[in-house]
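Number of protein chains: 2
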Amino acid sequence: MDRFKVTFLPHQRSVEVVGEESLIRAALECGVHINASCGGEGVCGKCRVIVEQGGVEGGVNEHLSPEDNEKNVRLACLARIQEDVTIRIPTESAIDRTVFSDKITPRRTASIKQVDFESLKEQGLFIPPVEKIYLELLPPDAQNHMPDVTRLIEHLKLANDEHKLELTLPVIRELPGIMRAHDFKVTVTLVRPVRDDGKTQLTNVQPGDTTGQNYAIALDIGTTTIYGQLIDLATGACLGEAGDFNGQISYGEDVISRIIFAEKPGGLAKMQEIVVGTINKVINEIVKRSGVSKEDISTITMAGNTTMTQLLLAIDPSHLRRAPYVPASTLYPPFRAETIGLDLDVHTIALLYPAISSYVGGDIVAGVMGTGMYREDELTLFLDIGTNAEIVIGNKDWLACTACSAGPAFEGGGVEFGMRASKGAIEDFSIDPESFEPMLLTIGDVRPKGICGSGLITMTAVMFEMGIINNRGKFNRELDTDRIRERNGVWEYVLAWQENTQIGRDISLTETDIDNLIRAKGAVYSGCMTLLEEVGLSMDLIERIILAGGFGSYIDLEKAMTIGLLPEIDAEKVVFIGNGSLMGARMSSLTNRIRKDVVEVTRKMTNFELSETPSYMDYYVAAMFIPHTEIEKFPNVKKKVEMWKSLPVQ
Amino acid sequence: MDRFKVTFLPHQRSVEVVGEESLIRAALECGVHINASCGGEGVCGKCRVIVEQGGVEGGVNEHLSPEDNEKNVRLACLARIQEDVTIRIPTESAIDRTVFSDKITPRRTASIKQVDFESLKEQGLFIPPVEKIYLELLPPDAQNHMPDVTRLIEHLKLANDEHKLELTLPVIRELPGIMRAHDFKVTVTLVRPVRDDGKTQLTNVQPGDTTGQNYAIALDIGTTTIYGQLIDLATGACLGEAGDFNGQISYGEDVISRIIFAEKPGGLAKMQEIVVGTINKVINEIVKRSGVSKEDISTITMAGNTTMTQLLLAIDPSHLRRAPYVPASTLYPPFRAETIGLDLDVHTIALLYPAISSYVGGDIVAGVMGTGMYREDELTLFLDIGTNAEIVIGNKDWLACTACSAGPAFEGGGVEFGMRASKGAIEDFSIDPESFEPMLLTIGDVRPKGICGSGLITMTAVMFEMGIINNRGKFNRELDTDRIRERNGVWEYVLAWQENTQIGRDISLTETDIDNLIRAKGAVYSGCMTLLEEVGLSMDLIERIILAGGFGSYIDLEKAMTIGLLPEIDAEKVVFIGNGSLMGARMSSLTNRIRKDVVEVTRKMTNFELSETPSYMDYYVAAMFIPHTEIEKFPNVKKKVEMWKSLPVQ
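Protein sequences appear in the order of chains A and B.
Anchor point for the first sequence: position 593 equals 593 in this note's numbering, and the numbering is continuous, going up by one each time.
Anchor point for the second sequence: position 211 equals 211 in this note's numbering, and the numbering is continuous, going up by one each time.
Do not rely on the hints blindly, as some may be mistaken.
When chains are identical, the list treats them as one kind, so a pair holds in a single copy or across two.
Claimed, not checked - With a straight-line cut-off of 25 angstroms between C-alpha atoms, the simulated BS3-like cross-links for lysine-lysine are:
{"hint": "1", "residue 1": "Lys185", "residue 2": "Lys640"}
{"hint": "2", "residue 1": "Lys604", "residue 2": "Lys157"}
{"hint": "3", "residue 1": "Lys604", "residue 2": "Lys164"}
{"hint": "4", "residue 1": "Lys596", "residue 2": "Lys396"}
{"hint": "5", "residue 1": "Lys596", "residue 2": "Lys164"}
{"hint": "6", "residue 1": "Lys639", "residue 2": "Lys423"}
{"hint": "7", "residue 1": "Lys164", "residue 2": "Lys199"}
{"hint": "8", "residue 1": "Lys46", "residue 2": "Lys281"}
{"hint": "9", "residue 1": "Lys423", "residue 2": "Lys46"}
{"hint": "10", "residue 1": "Lys294", "residue 2": "Lys264"}
{"hint": "11", "residue 1": "Lys645", "residue 2": "Lys157"}
{"hint": "12", "residue 1": "Lys46", "residue 2": "Lys185"}
{"hint": "13", "residue 1": "Lys199", "residue 2": "Lys596"}
The hints are simulated quantities; they were obtained by calculation from the structure and are not laboratory data.
Could you put the whole structure together from the sequences, leaning on the hints where they help?
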């Protein structure tokens, strides 16, 4: 897509955007504030801008007069960029606020050393986890009438140097027919063991040469969503992917409510049935999209948290939520996928990522394996933030992990107008320092319906920097705006008046919402601090932060540091990996090296239970401020706050 | 039971019998002929005897006059022995025929060295295949919250020196609940591997101490019948046994007709379902009889011929009946019994006896293992005779085997009045050398319905010795009796006139019947000869004969040698083992030593296909005589024939 340069006046700030981007998103991208509170539907009519050079498409509706039109006035939220343009923002303030708002956060500047298959091959360390081998067997005759299984195994021994082979009944059952279907020319599928002294499973025999069709499924089983990818084992390419909400969501949003449901009579079977149902939908979708035959899918590698894993396998999860929080197992043997109801071929082998503990599950281990942090020197902080936050710290020499309950704030829960990150959620935000009018961006550019987690962080950060809220999240009651008001005894800031919302009510951010966010970020930060203390280190030694998970992918790094969710660190050293669980599942589908390493990783990763660490509560109390009781730990935040304070408008 | 002495006059022969035995059976037991052709129901009234000393119960009906009664005349078939008696047989002949008929064949004189568990223990070779171990685990607490599986495995490692353990999902699923059901005191079931480097399967976990309840099932899956035993693994005792006809019998009596049925659409599934149905009936019966809980049945060890095994596992058997006769496999991995529909606990592990070839199956291997012939010096001929006869020859140094089709004659098939060995079948027989009147004994002492295999052999042998048939099985047309006659162009001997039978027709033995028997015994004998030739030995080197199988158990050894089914050998050297398949299954349930040895045995046992051995046909032709074209190979038979010839009555 073509890229165009947009220059905003009087700020003299420019940004390059792709064609069709709206003016308002371009403005926010380079830190330019435009009053806008209807989310981009042109309803409020406030985001008036003047096109000084070049032209835009759209941006005109009944809010603009014919004179406005003549003067090239446009509504920024409706105007689409088609060429290089210069835009003037009508503004009463003479201050260039943009100096503090250098919103050009590189999202993926630090590189992740993903597994490099070619290099592993060169080192002799690449171990394909699944191989298909084409064999031309000698047909039996009067002199050579050994059993079909023996014929196959002897051939593999002599011609292919394959030993320690294991067959199961389903394969033996089909062998006589398949061998004779194509004149004793067959393709066998071999699934390699994790341990060098283990057995190779001969999981499938097909007539003729099917070595060109060898596929795997990688699957992330999240509490909220389930994502799958279909992978070509020959090329490593992803041939199809799909995701869906975990059907268990109707029985509770978090793992605890799922566990409680599973404790009811018949509940466990129901939970299992439902998650398998969702997985089957995802499987059938990616199979359809990729056009492969299910018979050629050799393995499905799944990663999920400990609760999701136990529910998938129909293992009573009730002890996961009761002290001392003991999982049934952290390691599960491979099994045939169909035995738990997965809609896959009788030969497909299911592999599950091992877990560390009840609250650091296979999804986190998969992320750690996928990023390769366990193989590298840098001291890395791996974070997966959601209702529960999992924290892993370490490098190639050691690894420590813990989990803490952040509460639902990051996912829009416990927030009065909170919602998931979906259409209509306010996801980005700025505020005019004089009029205190907001600029809202919503997902899907529609009128706002609520606030999602990343929006909540951004708002809190922006307001704190500008002094609109103090370090305990309380609004400055002195400010001259009717947007800050007391309602039912709670102070709030009105983000959008009811006529501009989809819900017919004012949407506001309350002090209670901010308090919930502070608790959530405080839990995560103090979790990191406690874990570091347990291993005798401090936050400033962290050389890299890896953010995993859906929420982590949408987070505004600078804002997350402002509220004290993340420690201040050079943005270059932060890596967003998105769905780390899926990434890990895909990687171990592609090389057994990861499966071998994971045994070692799970052995050396030390799990700490925060509930048993007295200092956790101290760290938590200290983190119950924005950004922290010791703002000295956040020098950049301190600097910004002081600069805003020094501005004449304050 | 009390035993009484019966003395027959004028023969002066005595025999000891248990009380309530009939006089006619006592007579046959010591080789005394009494005319009797109604099978013991007192219908023909021919078996008149005089009680000279002592008394009998019964033996009186309307065939006897008041005068007979006064003279102590009784019908031998109805008279029961209650005390020592002397009986006179009214006989026209002055010859004491009993000299040739020394019918005191010891059935089990040679001993079998069954596995001696105590001696194995002393040698350190006893390996219990299944062990239950009681564990008192430390309950988890805040300092010790390892996963349930890890807790169990670590305890087994540290406290019990158990390593290389393998768990399956069904066990893991129950672990959390069971561990907590009895305060972390549990009993684990460990199933040992066959190979020393294999893994021990942890197949069950039970709350509390259940080490006292550890059971196994041994099962013989025959083409005709299925027998099971429930075994206490602590004592080796059989706590219950049961058998039933294999339900597949309705689809054909022999393996070939079963295979043909399995080749029809849906046929294989049907065959599998039916055999599983019969097995489940047997299982439930022995479980009921023994009163154990299914949860305490750790293993089921099954042995069957190759066709029965493939049908049980739903493996297409069609290639078993087509040259070059290739089985799907000879070795099957252990699997959970319920996965093939067996009505056993989810934890019960199924083990299958390995086979050698398409026609030397797991039942034969089980017999070889059960007898221990593979561990001993003596050159042994192992025979399992039925529609198919399996032959194993060898000792601890080598083993060779083959199978031949004997046809159905031994099981009463292809014989005009043939029937299975069940109530009403003529099972024993003698003939008066002057009047040529028969003495019949039937199973159940009822009027005859037909002739079973062992009866057929006895009749043929008796008639050949007495010169009533010649060495090609043809009746002497010169004899003065209306019992020998031509009907529809076939010569026959009438065993029972219609008024004395259950079927309302004369029951006879025809030359065609005898011819079928000669073919059957010829096939077996020439199979043995061919196998011996292949290994460079001759029949006279055989030091022991082991007879296995249902038919083998009823065979009259002397008569079998007379017709040339078996080579002449000292009766002391013949061992009847009955159901060798069940015996082997029971033994390997009790010690893994057998399971380890069987791997070696199947490796060293060489299978010969008679159809590929040209000399087989020559041996077969030579064996198509009674006892053989070279009667010199049967000196005892020759002697008897010559003595009968020398008698003046001839």
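Hints and how they fare:
1. Lys185 <-> Lys640: Close neither inside one copy (72 angstroms) nor across copies (62 angstroms); limit 25 angstroms.
2. Lys604 <-> Lys157: between (36 angstroms within a copy, 19 angstroms between copies)
3. Lys604 <-> Lys164: Close across copies (20 angstroms), not inside one copy (29 angstroms); limit 25 angstroms.
4. Lys596 <-> Lys396: For Lys596 and Lys396, the Cα distance is within 25 angstroms only inside one copy (15 angstroms; across copies 44 angstroms).
5. Lys596 <-> Lys164: Both. Shortest intra-copy (18 angstroms) and inter-copy (17 angstroms) distances satisfy the 25 angstroms Cα cut-off.
6. Lys639 <-> Lys423: This pair counts as neither: shortest intra-copy Cα distance 35 angstroms, inter-copy 107 angstroms.
7. Lys164 <-> Lys199: Classified as both: same-chain Cα gap 5 angstroms, cross-chain 13 angstroms, threshold 25 angstroms.
8. Lys46 <-> Lys281: For Lys46 and Lys281, the Cα distance exceeds 25 angstroms both inside one copy (44 angstroms) and across copies (83 angstroms).
9. Lys423 <-> Lys46: within (21 angstroms within a copy, 106 angstroms between copies)
10. Lys294 <-> Lys264: neither (35 angstroms within a copy, 28 angstroms between copies)
11. Lys645 <-> Lys157: neither (78 angstroms within a copy, 66 angstroms between copies)
12. Lys46 <-> Lys185: neither (73 angstroms within a copy, 72 angstroms between copies)
13. Lys199 <-> Lys596: both (14 angstroms within a copy, 19 angstroms between copies)
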